[in-house]
Amino acid sequence: MVHFSAEEKTAVTSLWGKVNVEEAGGEALGRLLVVYPWTQRFFDNFGNLSSASAIMGNPKVKAHGKKVLTSFGDAIKNMDNLKGAFAKLSELHCDKLHVDPENFRLLGNVLVIILASHFGKEFTPSVQAAWQKLVAGVATALAHKYH
Amino acid sequence: MLSAQERAQVAQVWDLIAGHEASFGAELLLRLFTVYPSTKSYFKHLGFCPDETQLLTHGQRMLEAVGVAVQHMDNLRAALSPLADLHAQVLRVDPSNFPLLIQCFQVVLASHLQGEFTVEMQAAWDKFLTGVAVVLTEKYR
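So the protein lines, in turn, are chains D and C. Per the UniProt record's numbering, the very first residue in the first sequence carries number 1; after that it's consecutive. Per the UniProt record's numbering, the very first residue in the second sequence carries number 1; after that it's consecutive.
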């Protein structure tokens with residue numbers, strides 16, 4: 001069970017309050033698909049993914065990114081029980097979506113990079129550490145029900 | 001391996017780092033040690049809490065090596081051969097650590113460049129640094 005200290009929780013929640021989930025979600029998913037093009041394998045029905053600008057402007061990417069990051073917001077409300085919070089989603093990603101959990105780690109890392117670009121100096125090493133711990137915890141929770 | 005556009009992106013970002021190797025390198029190492037404490041196991045000589053001078057010195061050395069890689073993107077193997085030997089024979093850093101360093105490098109770039117850190121830059125640098133890591137670990141066995 002991952003345990004977050006009071007400082008780590010503050011580092012996460014204080015930044016999250018200032019995040020535009022819709023924009024950041026689209027950006028995170030878009031950047032994942034551009035930087036790691038093999039991740040496009042899950043999105044054959046998303047239309048035009050032929051270039052970086054096509055991907056970043058793709059409305060389906062933006063919509064799905066928003067959905068993913070909104071769900072991430074639930075993680076932040078349940079930092080003490082990530083496995084419980086993501087149990088159903090874990091089953092879904094294994095049984096229906098067949099997503100290799102390595103992709104959760106890649107997306108988590110991309111999200112951290114986006115937060116760094118939004119928050120600049122405020123994204124100190126300790127703040128980064130708290131967020132990397134959170135995204136790693138979410139990735140593990142999403143992989144927990146795999147069989 | 002890198003397209004012409006990717007090389008241009010790498011060079012463009014390097015122009016922003018050049019001259020600041022020490023401070024960027026120090027921040028890179030500080031992030032690496034803070035986020036991934038196990039990486040400190042390779043830096044026993046810096047102690048459990050490396051001070052600023054040590055981080056600046058070592059950070060500069062690492063970023064200067066990245067600078068060499070940037071100047072020789074079309075021939076990394078030759079340019080980095082002595083460093084590859086060093087990593088294979090002396091340092092023997094487990095290859096799993098290089099993605100951790102690369103993540104911290106991207107965070108350093110993103111936090112300094114902010115809105116200017118485009119998706120194309122991120123993609124090119126990730127690909128470039130991953131290529132450097134491959135060369136540095138190629139002689140391991």
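Since the hints were derived computationally from the structure, they do not count as laboratory data. On a predicted model such as this, the values are computed, not experimentally measured, just so you know. Careful, some of the hints might be misleading.
The list that follows gives simulated cross-link-like pairs (lysine-lysine, DSBU-like), each with its CA atoms no further than 30 Å apart [claimed, not checked]: (1) K139/C - K9/D; (2) K133/D - K127/C; (3) K40/C - K66/D; (4) K9/D - K66/D; (5) K66/D - K18/D; (6) K96/D - K83/D; (7) K127/C - K67/D; (8) K88/D - K62/D; (9) K44/C - K121/D; (10) K18/D - K96/D; (11) K62/D - K18/D; (12) K9/D - K40/C; (13) K40/C - K139/C; (14) K133/D - K77/D; (15) K77/D - K96/D; (16) K133/D - K88/D; (17) K66/D - K127/C; (18) K66/D - K133/D; (19) K9/D - K145/D; (20) K77/D - K18/D; (21) K67/D - K77/D; (22) K88/D - K77/D; (23) K18/D - K60/D; (24) K40/C - K121/D; (25) K60/D - K40/C; (26) K77/D - K62/D; (27) K9/D - K133/D; (28) K133/D - K67/D; (29) K60/D - K96/D; (30) K66/D - K77/D; (31) K62/D - K127/C; (32) K139/C - K121/D; (33) K66/D - K88/D.
- Violations among the numbered hints: 1, 3, 10, 25 and 32
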